[in-house]
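Asker: As given, the protein sequences belong to chains A and B, one line each in that order.
Position in the first sequence (first residue = 1) + 278 = my numbering.
Position in the second sequence (first residue = 1) + 278 = my numbering.
Any given hint could be a false lead.
Pairs involving identical chains hold if they fit within one copy or between any two copies, as the list cannot separate such chains.
Said to hold, decoys possible - Listed below are the simulated BS3-like cross-link pairs for lysine-lysine, each with C-alpha atoms no more than 30 angstroms apart in a straight line:
(1) 397 to 323
(2) 323 to 288
(3) 311 to 323
(4) 280 to 323
(5) 280 to 299
(6) 397 to 458
(7) 299 to 359
(8) 314 to 397
(9) 397 to 412
(10) 390 to 311
(11) 288 to 390
(12) 318 to 458
(13) 314 to 280
(14) 412 to 299
(15) 359 to 390
(16) 458 to 390
(17) 412 to 359
(18) 390 to 299
It should be emphasised that the hints constitute simulated quantities derived from the structure, not laboratory data.
Keep in mind it's a predicted model, so treat the numbers as computed, not measured.
These are the residues of each chain, in order.
2 protein chains.
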Amino acid sequence: MKLLEERILKDGNVLGENILKVDSFLTHQVDYKLMKEMAKVLADKYRSQGITKVVTIEASGIAPAAYVAECLDVPMIFAKKHKNITMTEGILTAEVYSFTKQVTSTVSIASKFLSAEDKVLIVDDFLANGQAAKGLIDIIKQAGAQVVGVGIIIEKSFQDGRQLLIDSGVEVTSLARIEKFENGQVVFTQADA
Amino acid sequence: MKLLEERILKDGNVLGENILKVDSFLTHQVDYKLMKEMAKVLADKYRSQGITKVVTIEASGIAPAAYVAECLDVPMIFAKKHKNITMTEGILTAEVYSFTKQVTSTVSIASKFLSAEDKVLIVDDFLANGQAAKGLIDIIKQAGAQVVGVGIIIEKSFQDGRQLLIDSGVEVTSLARIEKFENGQVVFTQADA
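Bound-form chain A, shown alone (with noise of 0.2 angstroms):
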């Protein structure tokens, strides 16, 4: 998508060996306008798909995830990372091992918003290791239902959390593709929409 590449262009930054900050209009302050206009692209991507819940991940997923939902006018639903006093049963769970933190987190859906009728879309910010898209199709897949497709913001395409997902047979569509980043620069490949 090329107005999500441009973007990343100007406002992105690049740390160190492999993270990129988009925190001006993704993961910190969000840019309604650019989440619409992402929303659109992977709404229509999947909407002849009957589509009838998008689940993300908190916290950075919950906005663009949202937008998709409205478009394609279905429920939306963020995983939780953190335990919950008010989720006390019911609980569909999956481990998620985050590199970056190198920590493993229980990540918790309500069985109560999935059943074997749903067709979801996930939903999310990033696309590394794909650990967390993989801990929210354990979860999908848990309560009977069927995964359609990853819809992803930022893929890093040099990690291999791509692969993996289309290794557990679901297609995934990522926006912006990153190649590699070279010189504190980000160079792209050819992205999914």
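Given chain A, put chain B in place with the hints provided.
Answerer: Structure of chain B alone, referenced to chain A:
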């Protein structure tokens, strides 16, 4: 806001003495239609006041705050509850004590996103003891910016958060105000909008 009160009565669950679970439309699964309606009401209330930023705190505040920001055509910033490897410098922080979790956490916003020219509307899903909103006000004031108001989806009016914020000179607009829980039922008092 009548639509919200009706939804709370229909889909909210009272747990124990003072917990209201609204995970089917606000805090876990998100109903974008309701978010949009609520956002309109909050945005209309503050439209004339020259708001330049909407600030919330992850994670449940993000969806309503995004829609309020859209209605006001300004950026939305969500404060971080957890340390992040990409937040390396220029961070404004406040300590926030959670009575429910009985832990103090450090809430942060990158200083580059707030300036002395900003007029900020804080949006959050719940107001109970007011500690989260107080932390956000603290951060916004550190930046020299003005807090124009606090927009709340659900206020527990039997707790002292509202008074705490009013005492600090900030206007509070709550779309639903819960006077008490009686026999497992929600009893509302007059909302602000």
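Asker: Please flag the earlier hints that this structure goes against, numbers listed from lowest up.
Answerer: 6
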